[in-house]
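Peer 1: Produce the complete structure using the sequences and hints provided.
From first to last, the protein sequence lines stand for chains A and B.
Quick note: the first sequence, position 308, residue 308 per our numbering, numbers continuous.
Quick note: the second sequence, position 10, residue 10 per our numbering, numbers continuous.
If you're looking for bench data, these hints aren't it; they were derived computationally from the structure.
Take the hints with a grain of salt, since some may be wrong.
Stated by the list, open to error - Label pairs and their computed distance ranges (CB to CB): (1) A/Thr305 with B/Ala62: 31 to 39 angstroms; (2) A/Ile208 with B/His12: 53 to 61 angstroms; (3) B/Gln143 with A/Leu431: 33 to 41 angstroms; (4) B/Arg130 with A/Leu304: 30 to 38 angstroms.
Said to hold, decoys possible - Under the rule of at most 20 angstroms between Cα atoms (straight-line distance), these lysine to any residue pairs were calculated in the SDA-like manner: (5) A/Lys364 with A/Leu188; (6) B/Lys32 with A/Gln167; (7) B/Lys59 with B/Val105; (8) A/Lys364 with A/Gly376; (9) B/Lys59 with A/Ala189; (10) B/Lys59 with A/Gly191; (11) A/Lys364 with A/Ala468; (12) B/Lys37 with B/Arg130; (13) B/Lys37 with B/Val105; (14) B/Lys59 with A/Leu188; (15) B/Lys32 with A/Val170; (16) B/Lys37 with A/Val170; (17) B/Lys59 with B/Val10; (18) B/Lys32 with A/Gly236; (19) A/Lys364 with A/Val98; (20) B/Lys37 with B/Leu141; (21) B/Lys37 with B/Leu108; (22) A/Lys364 with A/Gly236; (23) A/Lys364 with A/Gly191; (24) A/Lys364 with A/Arg380; (25) B/Lys37 with B/Gly133; (26) B/Lys37 with A/Gln167.
Note that the Cβ used here is the ideal one computed from N, Cα and C, for glycine as well.
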Amino acid sequence: MSEHLPVIVVLAPLFGAVIVGFFGTRDRHLCFPIALTALALSFVCSIGVVHHVATVGAWDYFVGGWESPHGVGIQLRADGVNSLLLLAIAVVALLALVYSIRQDGEKDAEKSPFFYVLFLLLCVGLFGITITGDAFNVYVLIEITALTSYGLVAIGSSRRSRVAAFQYLVIGTVGASFYLIGVGYLYLAVGSLNMADIRTILAANPEIANSRIIGTALVFILLGVWTKMGLFPLHGWLPNAYSYCPSGSANLMAPLVTKVSVYVMIRILFGVFGLGVITENPGWSDLVVLIAVGSIVAGSVMALTQREIKKMLCCLIVAEVGYMVGGTWLGDAGRWGLTGSMYHILADAMMTSCLFLAAGVFAKQFGATRLEHLSGLFRRSPWAAGAFTLGGLAMIGVPPMCGFFSKFYLIRGAIDSGHWLYIVALLGSSLVNAILFFRIFEIAYFGEVPESSESSEGGCPTRGRHAAWRTAPLLVAAALTLLLGIFNRPVIDLIRGTVVENIDIVSMQE
Amino acid sequence: MMEWIKTTIVPHFNFWIYVVIMMLGLWAAIGKNNLIKKLIGLSIFQTAILLLYVSMGVKEGASIPIVDETMGEAAVDFMAQGGGAAGATAFPINPDLFANPLPHVLMLTAIVVGVATLGVALALCQVIFRDFGTLEEPEILNQIQTIQDDV
Numbered sequence: 001m002s003e004h005l006p007v008i009v010v011l012a013p014l015f016g017a018v019i020v021g022f023f024g025t026r027d028r029h030l031c032f033p034i035a036l037t038a039l040a041l042s043f044v045c046s047i048g049v050v051h052h053v054a055t056v057g058a059w060d061y062f063v064g065g066w067e068s069p070h071g072v073g074i075q076l077r078a079d080g081v082n083s084l085l086l087l088a089i090a091v092v093a094l095l096a097l098v099y100s101i102r103q104d105g106e107k108d109a110e111k112s113p114f115f116y117v118l119f120l121l122l123c124v125g126l127f128g129i130t131i132t133g134d135a136f137n138v139y140v141l142i143e144i145t146a147l148t149s150y151g152l153v154a155i156g157s158s159r160r161s162r163v164a165a166f167q168y169l170v171i172g173t174v175g176a177s178f179y180l181i182g183v184g185y186l187y188l189a190v191g192s193l194n195m196a197d198i199r200t201i202l203a204a205n206p207e208i209a210n211s212r213i214i215g216t217a218l219v220f221i222l223l224g225v226w227t228k229m230g231l232f233p234l235h236g237w238l239p240n241a242y243s244y245c246p247s248g249s250a251n252l253m254a255p256l257v258t259k260v261s262v263y264v265m266i267r268i269l270f271g272v273f274g275l276g277v278i279t280e281n282p283g284w285s286d287l288v289v290l291i292a293v294g295s296i297v298a299g300s301v302m303a304l305t306q307r308e309i310k311k312m313l314c315c316l317i318v319a320e321v322g323y324m325v326g327g328t329w330l331g332d333a334g335r336w337g338l339t340g341s342m343y344h345i346l347a348d349a350m351m352t353s354c355l356f357l358a359a360g361v362f363a364k365q366f367g368a369t370r371l372e373h374l375s376g377l378f379r380r381s382p383w384a385a386g387a388f389t390l391g392g393l394a395m396i397g398v399p400p401m402c403g404f405f406s407k408f409y410l411i412r413g414a415i416d417s418g419h420w421l422y423i424v425a426l427l428g429s430s431l432v433n434a435i436l437f438f439r440i441f442e443i444a445y446f447g448e449v450p451e452s453s454e455s456s457e458g459g460c461p462t463r464g465r466h467a468a469w470r471t472a473p474l475l476v477a478a479a480l481t482l483l484l485g486i487f488n489r490p491v492i493d494l495i496r497g498t499v500v501e502n503i504d505i506v507s508m509q510e
Numbered sequence: 001m002m003e004w005i006k007t008t009i010v011p012h013f014n015f016w017i018y019v020v021i022m023m024l025g026l027w028a029a030i031g032k033n034n035l036i037k038k039l040i041g042l043s044i045f046q047t048a049i050l051l052l053y054v055s056m057g058v059k060e061g062a063s064i065p066i067v068d069e070t071m072g073e074a075a076v077d078f079m080a081q082g083g084g085a086a087g088a089t090a091f092p093i094n095p096d097l098f099a100n101p102l103p104h105v106l107m108l109t110a111i112v113v114g115v116a117t118l119g120v121a122l123a124l125c126q127v128i129f130r131d132f133g134t135l136e137e138p139e140i141l142n143q144i145q146t147i148q149d150d151v
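Peer 2: Here it is as structure tokens:
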């Protein structure tokens, strides 16, 4: 049993989705326990995978026992980079699931059995993208993630959510297709789809690795994943899709989908093309860092103009994606930029999860969707407001929180590689975050409690009883942003273990 | 000019056509105002990629990749037991005789993905038409601007 842990992580939510589809539609009360069981199983298995990676080393698993010589078997690979991301996905998904627990008497569409089916299938896609070692497999799982995301966006009660979902669908499909074209060119040149296999072939044949077809493949793949992660200027779909969908969906998608796309980019650079792509083409990597700087600046400026909480957070995601893309392409010799990006994927997943859970709680309990609705929040709901404060501080990058350490490593990498503009953008964006969040803290702490706040919640008579179910995951997420920061050392060590080990392999091969 | 066409375009005819079709589809997906026309463009775009992959696996004069009796009973038995790396040396197969099945198999998956995407998109169009009474994007965007913040 224990030797099959990597595949159980993916299969548990898949079977969970099928079972919810069968039984949940008959009895709605079964949906939540089944989904919870499936995700808890994934969570336990991903802990097992992390433990194995930390103690033994990278774990290669061949689905169905079809090992490499055929070149057609699907390989799963867990190492220091993705095993932690698996765990983060499981944690964020569990928190989002507990938040969305179905309450009696509620008629929201987001509490229907279909919501749980889509929710679990989205988790299948995310887990699969993270753990697979096969380039084409990534495409299929990206599409599973994307198709379920469209459904989760459109499930909202707002008319705008459908239009946002449609726009997301058109852009998302084009992005995934670009990735598919890139994999096609890669296959034309190399004749394999297994990532480790492609890496070996490219390292052994520099004339193929430097050929124009490989360059074309890389450009298409990058365009595809950048569209998927919402890097400026390909971010058009992101703010609408994530702010008009129900908060139950946003809690899962906003922290994870973009982050997993960033991971795909890192995996493709790191495990397929080799990081030589970055260090040997300084002109190109400078250009990508410049695009990332553009994304950071654009995201921060857009966030400043927003008065809606969720829209503001979505714009911040665009800026955060810029951090990670820029950090990956810094190309410093010590790979601190890459380390920072990987750590930031985890940190940002926790921070964004915390902030979106908080935004969901504010919207559900106080009907507060805009900044000015938040006045007097600390007196009305001290726990939720406190958790939101922690998330905001992490986003700004205040020392004990996880956001500080990722910025620390990113800036260290940028100094080593001399990308000063990136440092300026990073610090400027932290400053903007400080302005944004302290504005909210000011409104929430010093603002008057509105007179009408109690009477306006007539539609929510059960909130007192169920508020705890919504606030509990929020508090856990806030605690995790703090813990991930305080105990960042083992996480960084695990990531460095994979990165530094790979430095040696690459330098020996080249 | 003719020489260039003969050496560059004719041998790679499929690949040139795939790019042309793909760009047509992309243009429709981005440029058209009607949502259904956008979807048609998107489908053309996805289908063009199928053409790229299918072209990769095709060889002139090659047959379907099935090991048959002409290669001897032993080869058939060996392949029936799962084949393997050893099989390649024990039973040398001339790859020029067989089309590459892998890209074609991959495209079965891609076709399914395309159908699923189209299904979801058409369902969304249906809901949008019910909500807004139109499928023209500018009109929908006009109506959206008048919606109050109902999130």
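Peer 1: Against this structure, judge whether each hint is valid.
Peer 2: Verification of the hints:
no.	hint	result
1	A/Thr305 with B/Ala62: 31 to 39 angstroms	violated, 59 angstroms
2	A/Ile208 with B/His12: 53 to 61 angstroms	violated, 19 angstroms
3	B/Gln143 with A/Leu431: 33 to 41 angstroms	holds, 39 angstroms
4	B/Arg130 with A/Leu304: 30 to 38 angstroms	holds, 37 angstroms
5	A/Lys364 with A/Leu188	violated, 52 angstroms
6	B/Lys32 with A/Gln167	holds, 13 angstroms
7	B/Lys59 with B/Val105	holds, 16 angstroms
8	A/Lys364 with A/Gly376	holds, 16 angstroms
9	B/Lys59 with A/Ala189	holds, 16 angstroms
10	B/Lys59 with A/Gly191	holds, 15 angstroms
11	A/Lys364 with A/Ala468	holds, 12 angstroms
12	B/Lys37 with B/Arg130	holds, 18 angstroms
13	B/Lys37 with B/Val105	violated, 29 angstroms
14	B/Lys59 with A/Leu188	holds, 13 angstroms
15	B/Lys32 with A/Val170	holds, 12 angstroms
16	B/Lys37 with A/Val170	holds, 12 angstroms
17	B/Lys59 with B/Val10	holds, 15 angstroms
18	B/Lys32 with A/Gly236	holds, 17 angstroms
19	A/Lys364 with A/Val98	holds, 15 angstroms
20	B/Lys37 with B/Leu141	holds, 17 angstroms
21	B/Lys37 with B/Leu108	violated, 25 angstroms
22	A/Lys364 with A/Gly236	violated, 27 angstroms
23	A/Lys364 with A/Gly191	violated, 52 angstroms
24	A/Lys364 with A/Arg380	holds, 13 angstroms
25	B/Lys37 with B/Gly133	holds, 17 angstroms
26	B/Lys37 with A/Gln167	holds, 14 angstroms
Figure legend: structure checked against the earlier numbered hints; hints not met, in rising order: 1, 2, 5, 13, 21, 22, 23.
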